[in-house]
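Participant: The residues making up each chain are set out below.
2 protein chains.
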Amino acid sequence: MTSQGSTRQPKYQRIADALRTAIQAGEYGPGDRLPGENDLMATYEVARMTARQALGVLQNEGIAEARKGAGVFVRAFKPLRRRGIQRLAHEQWGAGRSIWSDDAGDRELAVDQIEVREVEADNRISSALGLPSGAQVWARSRRFVLDGKPVLFATSYLPSDVVGDSAITQVDTGPGGTYARLAELGHGPVHFREEIRSRMPSADEAERLVLSMGTPVIQIVRTAFAESGRGVEVNEMTLDSASYVLEYDFDA
Amino acid sequence: MTSQGSTRQPKYQRIADALRTAIQAGEYGPGDRLPGENDLMATYEVARMTARQALGVLQNEGIAEARKGAGVFVRAFKPLRRRGIQRLAHEQWGAGRSIWSDDAGDRELAVDQIEVREVEADNRISSALGLPSGAQVWARSRRFVLDGKPVLFATSYLPSDVVGDSAITQVDTGPGGTYARLAELGHGPVHFREEIRSRMPSADEAERLVLSMGTPVIQIVRTAFAESGRGVEVNEMTLDSASYVLEYDFDA
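First to last, the protein sequences are chains D and E.
So that you can map any letter, position 171 of the first sequence is 171 in the UniProt record's numbering, and since no number is skipped, the others follow by simple counting.
So that you can map any letter, position 36 of the second sequence is 36 in the UniProt record's numbering, and since no number is skipped, the others follow by simple counting.
Since the hints were made in silico from the structure, they are not lab data.
Any given hint could turn out to be false.
Unchecked claim - Listed below are the simulated BS3-like cross-link pairs for lysine-lysine, each with C-alpha atoms no more than 30 Å apart in a straight line:
(1) E:Lys-68 <-> E:Lys-149
(2) D:Lys-149 <-> E:Lys-11
(3) E:Lys-68 <-> E:Lys-11
(4) E:Lys-11 <-> D:Lys-11
Just so it is clear, the structure is predicted and the values come from calculations on it, not from any experiment.
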């Protein structure tokens, strides 16, 4: 996908293309420092502003990131592989394992900013759960931090009439988490729907996930359905796109 | 997710927050014109630069887009719903239907920039298909245009020794497309893996998909596996994130 060196293309774009090609060819690996403004000025015989723009293009694309005073570096991309279907298999939470532990593998996944509270459902949530508008739901929020970097925050909503006074209303939901508790309540999820979108973050989201410039977020909205067809959970997740590969494996 | 009007937040950010809240509440619908710089200057008693920055925030987030000389508008978001699993069901292509027709529903989906050629697989493709490096593969490229807007481009790679001289080497692969032909060749796909990433587009990609500023792309790499476990196709897709919702439906 190397672009031709069209003469109509601005100089900074051509320099950015050359650097991108070198990164894709492995000449600069993850974490490597790219040539600085002075290097690019000398190599390409361009003004400082042109060199800066070229490096800016790669930062905007999320390929490189600036570190204050140190230069511009190829972004180290060691994404989490989130296996959408396997991680939610009944064998996982039914056996008392955490869904999230499947994503992280051997890496250290910490949970913070946990908040559990009962709220009035807004229209979006109540319609997804088939509840009358203004119905009470339990909202469980948390953030996941991998190797010190926030990678995801999420809020899941569950109907109060389903949850009752079970451990779902507690910070620690116990082995197998929310889904294992739902199953004990006779509302175990048998079907899931995940909807995936991507967009640029708001300032709040960028701060909460410590995103570098030019990094989109991925949004996943999952609805869990019980045997009866009833929606028993809606989970709204916001992911650092640079930290995740989503994988879905399925049969034809 | 309305942020509190912290006094430490810069003014333009607070104006952007107010506009975003109004959009989310439906006060400004898709395609509506937002207040202009002059309006914001009068309403919030700020300088032109501050008003401009506030509108810039919404454009960077992909919520709004500028139209030359006309102002800044709420982006019209009528995404395609791409049902990842159903669309690839054997009943779909096995019955001679196009996978893509499932995405578009009643809307007009045109295909252009079609290119079919035999090439040497690069390392990424050959390893995904379990081929020796440098093996020959057929590469099928195309772009999809919905209601006049390019929404996706893709290249799929299939091993030449599987494809032979079947219709897969032609622009028109016939009813049911590539997968129906693979089935006739004894290599029908029985399993799929889709890997999803998101990032900012390169200049080339932004041009090819006519992306407005602040719009990420979604990348999907699909591998199709035959009964033997062999990889028979790798399809690399690049999607306009503002045009798609990806949906995956599956059982626990």
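Participant: Which earlier hints can't be squared with this structure?
Facilitator: 4
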